[in-house]
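Work the whole structure out from these sequences, hints included.
Protein chains: 2
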Amino acid sequence: MIPLIEDSRVPLYRQIYDYIKKEIQEEKMKAGEKLPSSRLLAKNLCISRSTVDMAYDQLLSEGYIESVPCKGYYVCQVEGLYFSKKKTAEKPVREKKNNPVYRWDFALNGIASGGFPHNAWRKLSREVLSQEGDGLFQLGDPCGEPGIRQAVAEYLHSARGVDCDPDQIIIGAGNDYLLMLLWVILGRNRKIAMENPTYLSAYYDLIHMGCQILPVGQDSQGIRVEELEQSGADMAYVMPSHQFPMGMVMPMKRRMELLKWAQSKAERYIIEDDYDSEFRYKGQPIPALAGFDQKGCVIYLGTFSKSLAPSVRVSYMVLPVSLMDTYLSLGHPFSVTVSKTDQKILELFLREGYYERHLNRMRAVYKNKHDLMVRLLKEMAHICTFSGENAGVHLLVRFHNGLTEREAVLRAEDAGIKVYGVSEYRILESKTEEDQVLLGYATLKDEDIEKAMKELKKIWEN
Amino acid sequence: MIPLIEDSRVPLYRQIYDYIKKEIQEEKMKAGEKLPSSRLLAKNLCISRSTVDMAYDQLLSEGYIESVPCKGYYVCQVEGLYFSKKKTAEKPVREKKNNPVYRWDFALNGIASGGFPHNAWRKLSREVLSQEGDGLFQLGDPCGEPGIRQAVAEYLHSARGVDCDPDQIIIGAGNDYLLMLLWVILGRNRKIAMENPTYLSAYYDLIHMGCQILPVGQDSQGIRVEELEQSGADMAYVMPSHQFPMGMVMPMKRRMELLKWAQSKAERYIIEDDYDSEFRYKGQPIPALAGFDQKGCVIYLGTFSKSLAPSVRVSYMVLPVSLMDTYLSLGHPFSVTVSKTDQKILELFLREGYYERHLNRMRAVYKNKHDLMVRLLKEMAHICTFSGENAGVHLLVRFHNGLTEREAVLRAEDAGIKVYGVSEYRILESKTEEDQVLLGYATLKDEDIEKAMKELKKIWEN
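If you read the protein sequences in the order shown, they are chains U and S.
For the first sequence, the numbering used here assigns the number 33 to the initial residue and increments by one for each residue that follows.
For the second sequence, the numbering used here assigns the number 33 to the initial residue and increments by one for each residue that follows.
None of the hints are false.
For chains that are exact copies, the list does not tell them apart, and a pair is met inside one copy or across any two.
Cross-link-like lysine-lysine pairs, in silico, DSS-like; alpha carbons within 30 Å at most:
no.: 1; residue 1: Lys54; residue 2: Lys314
no.: 2; residue 1: Lys53; residue 2: Lys297
no.: 3; residue 1: Lys53; residue 2: Lys314
no.: 4; residue 1: Lys53; residue 2: Lys399
no.: 5; residue 1: Lys103; residue 2: Lys285
Hints are computed from structural coordinates only; laboratory data are not their basis.
Computed from a predicted model, the values in this text were never measured in an experiment.
Written as structure tokens, this is what we have:
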């Protein structure tokens, strides 16, 4: 007999279901045992037959019982442990780290405080969401909506000298994702040359995908092309507009040599990561390498992480026509990773001139910080020289007073200031002592830059 | 002499720069040739020296000229083709297909017209964007923000019987992406068993990543576990809540056998794709397989594509603790692919009860369509039987009047109705004639379902 509670908040059918399930789980009812017919059970419990039917249906659909036509219901064989128990006393999956707290962090990523165009974004977001078209919520083009791809193509043409068809563009949620996708398109077993030091995030992306990475040396103009040639690599990952972390701009001559390297053998490609080309404080921006590529050797990566905000998660990749063909011919492309709403907002942001105004505003903000940094670093001429100026949002500092990177970072840390050693961006651990550190200035307020740099001057002095 | 236009909209420095650049590009000025000093050129052109300096600086930074200390400026060696020319007469990258236009499409993805919770989403979006905290625009946790992971964990606990720590969850922009990521975590050379027919999108994702896929048969209860055992697979991709496309719900007994298979050997895993478990029209939802997993063998995939909208691009993956450890120990995890704004909106959507209300509303909407479909299909009992009812948003129709899948699809197409052959979801092309088609009912209006089904009845009758 099943004990039922009439005025319980648990419905009667559920009480029956729970009871029988428990009996089966605890093997009080054994596999093969016949259940009473629903008519009989209903009569015994003085309830309606449909209530019992509901309980049996649920047991049936969960597989605790089975129905044998013309015979009735039987208990199923249910093997092993199958209780959904709350696990107890499990160790926390991720240990919370006790990160030291810094007064000032010369962070290499992030944007200036107040640097996100809140008002415009909110306005456009409202605009997009109030166009109640259902189309906004159906799955879209795997490469990104035609509208945003067109807008990006126009931006690339006018701002970066890159002429591409919108159909060569793939919109994706960040460079990490686009590199994963590129790996799929290019096929396995690629040997990719990277400058050393380099942007380690891309390095790890490629390593995680199983690529072979060949570190290649660089001089003041960028990657050494002869060394690249000798490395046996069939791809090169470079940042001609502003190498990370070294900060140099690759001059035209080196760019041409690099292009020539790629063009001189089939299936050679250059990945051009143009991550912070929006910020250049002197002269016109140099056209992207992809703008000079006549033979479809350059894969161009651009992002809104630096220019808009890292949390927005929109990047884009321009593929040579042949590689886009390859991708589409694979069939079943991967679904797009950016929501249609974000794509639409960004399209309007580009199209209606917000992006240009935003970039001009941020360029001014960062130029101020840049000039301040340069002025303060000049006052430290007896301690260090610096490079990587006139572009991007970080500078490279090289000590000539005998200070090592290690010592410089530690002294700064003791003073509550975070600076970044160049060796952290090296692919192979350098055996020689480094004497360079990186200072990112995007996220610090002007007055904090002043205070922090003064302090650094003091502690790095001897 | 450089021809300057005083009242041009092109600034003077730019005219000088353009002129010299062209001279160099056209090799009228040869590599190694010395340029006039800026003082001299300024004097000759009757302009200020700083204007010439600006032009030279730009040429310098683009690498057209180089500065030799104490000597002056010299033209660089600039090899090869490097003109950013507009490419001409290129073939369009993607041919536009002439898709036939259907009056009614029994689509298998997409949501009901008006099914997106516009008002709530807009309200929450406004709320999130007006919290002007800069934190919203800094890069976040690679696995997703703690808030959304906590909210998903709570949802999974109460709705799907899955008890997991929020730190076992990774938020990602769609299942395709999460499968890519899973491939990275699990390492290469996996042999993955899939039911046949199956969700081909996942099949292609895994194929593109280089996995070996072993098709395994299924019966009315789901994947055949003996066949799975014999296949030599070390992973199985299943959809126990509602197999796509066949529509069956895996009963408890089969679930336990499957779990036992995974637990009986180290490094065996089950990928549980719980894609449309939110929609169940009879009885309580069956707890997810992951809810019974005591040994960390089940990788759970959930998505908001079906329950909210495919364009929202948010899915989640629950990893066994050991696999999450593996991922984090790789170092440098891939950046999150969902914007922080979307994560925050969705967190509030879940936390403040909007999701529950939305699901209840949609369940009612889809149940209506489901019941309508079932009623109309019952009127076609002389033509076909159907299965996959009581869950999800599609049904499977099997003809018993001699009609083949091919013929059924073609006849429907001639009448302007799109139905989907099961063979399209088979991994291996079936040699035998199929007699089954799929009808998705999420996107069609009730009156259109009625009209379309009446027409199908007529054209499938003989």
